Amino acid sequence: MTNNQNVRIPPITSLKTAIELYYSRTELGNADIEELFGKHSTATVSRLKRKARQKMVELNIPSWNGNRVNTEAAFESWGLNITDLERRYKKLQELSA
Numbered sequence: 001m002t003n004n005q006n007v008r009i010p011p012i013t014s015l016k017t018a019i020e021l022y023y024s025r026t027e028l029g030n031a032d033i034e035e036l037f038g039k040h041s042t043a044t045v046s047r048l049k050r051k052a053r054q055k056m057v058e059l060n061i062p063s064w065n066g067n068r069v070n071t072e073a074a075f076e077s078w079g080l081n082i083t084d085l086e087r088r089y090k091k092l093q094e095l096s097a
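Residues in the sequence shown are numbered consecutively from 1, following my numbering.
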């Protein structure tokens with residue numbers, strides 16, 4: 001497994017979806033990743049999971065299921081900061097009220 005693998009991270013489908021997945025799942029599978037980023041090829045989903053697994057190794061997080069990746073490690077590896085996502089979502093809610 002190569003370190004620092006460059007993977008293009010697709011845009012998330014919605015802030016709400018990202019926040020809900022972060023707090024409702026301890027691990028993410030293919031369906032969760034497609035819900036987060038939209039429908040992509042199996043190869044893209046695999047690359048995203050590989051990048052998350054690399055972060056899991058760095059953080060010494062065990063893998064409980066070979067088909068899933070740890071949610072916190074995945075978000076971190078994909079550059080998704082939950083604090084920032086929550087702040088943006090809250091701001092959007094305030095603007096639409």
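Hints are computed from structural coordinates only; laboratory data are not their basis.
Owing to the predicted nature of the structure, the values given are computational and were not obtained by experimental measurement.
All C-beta atoms in this analysis are idealised placements derived from N, C-alpha and C, irrespective of residue type, glycine included.
A few of these clues could be false.
Unchecked claim - Listed below are the simulated EDC-like cross-link pairs for lysine to aspartate or glutamate, each with C-alpha atoms no more than 20 Å apart in a straight line:
1. K39 x E58
2. K16 x E27
3. K16 x E35
4. K51 x E34
5. K51 x D32
6. K51 x E35
7. K55 x E72
8. K91 x E58
9. K51 x E86
10. K39 x E27
11. K16 x E72
12. K90 x E34
What the hints assert, rightly or not - Just the calculated beta-carbon pair ranges, DEER-fashion:
13. I61 x Q93: 25 to 35 Å
14. N81 x H40: 28 to 38 Å
15. K91 x G66: 33 to 43 Å
16. P10 x N65: 16 to 26 Å
17. A31 x A97: 17 to 27 Å
Taking the hints in turn, this is what the structure says about them:
no. : hint                  : result
1   : K39 x E58             : violated, 28 Å
2   : K16 x E27             : holds, 18 Å
3   : K16 x E35             : holds, 11 Å
4   : K51 x E34             : holds, 15 Å
5   : K51 x D32             : holds, 16 Å
6   : K51 x E35             : holds, 18 Å
7   : K55 x E72             : holds, 9 Å
8   : K91 x E58             : violated, 33 Å
9   : K51 x E86             : violated, 23 Å
10  : K39 x E27             : holds, 19 Å
11  : K16 x E72             : holds, 16 Å
12  : K90 x E34             : violated, 24 Å
13  : I61 x Q93: 25 to 35 Å : holds, 32 Å
14  : N81 x H40: 28 to 38 Å : violated, 22 Å
15  : K91 x G66: 33 to 43 Å : holds, 38 Å
16  : P10 x N65: 16 to 26 Å : holds, 23 Å
17  : A31 x A97: 17 to 27 Å : violated, 32 Å
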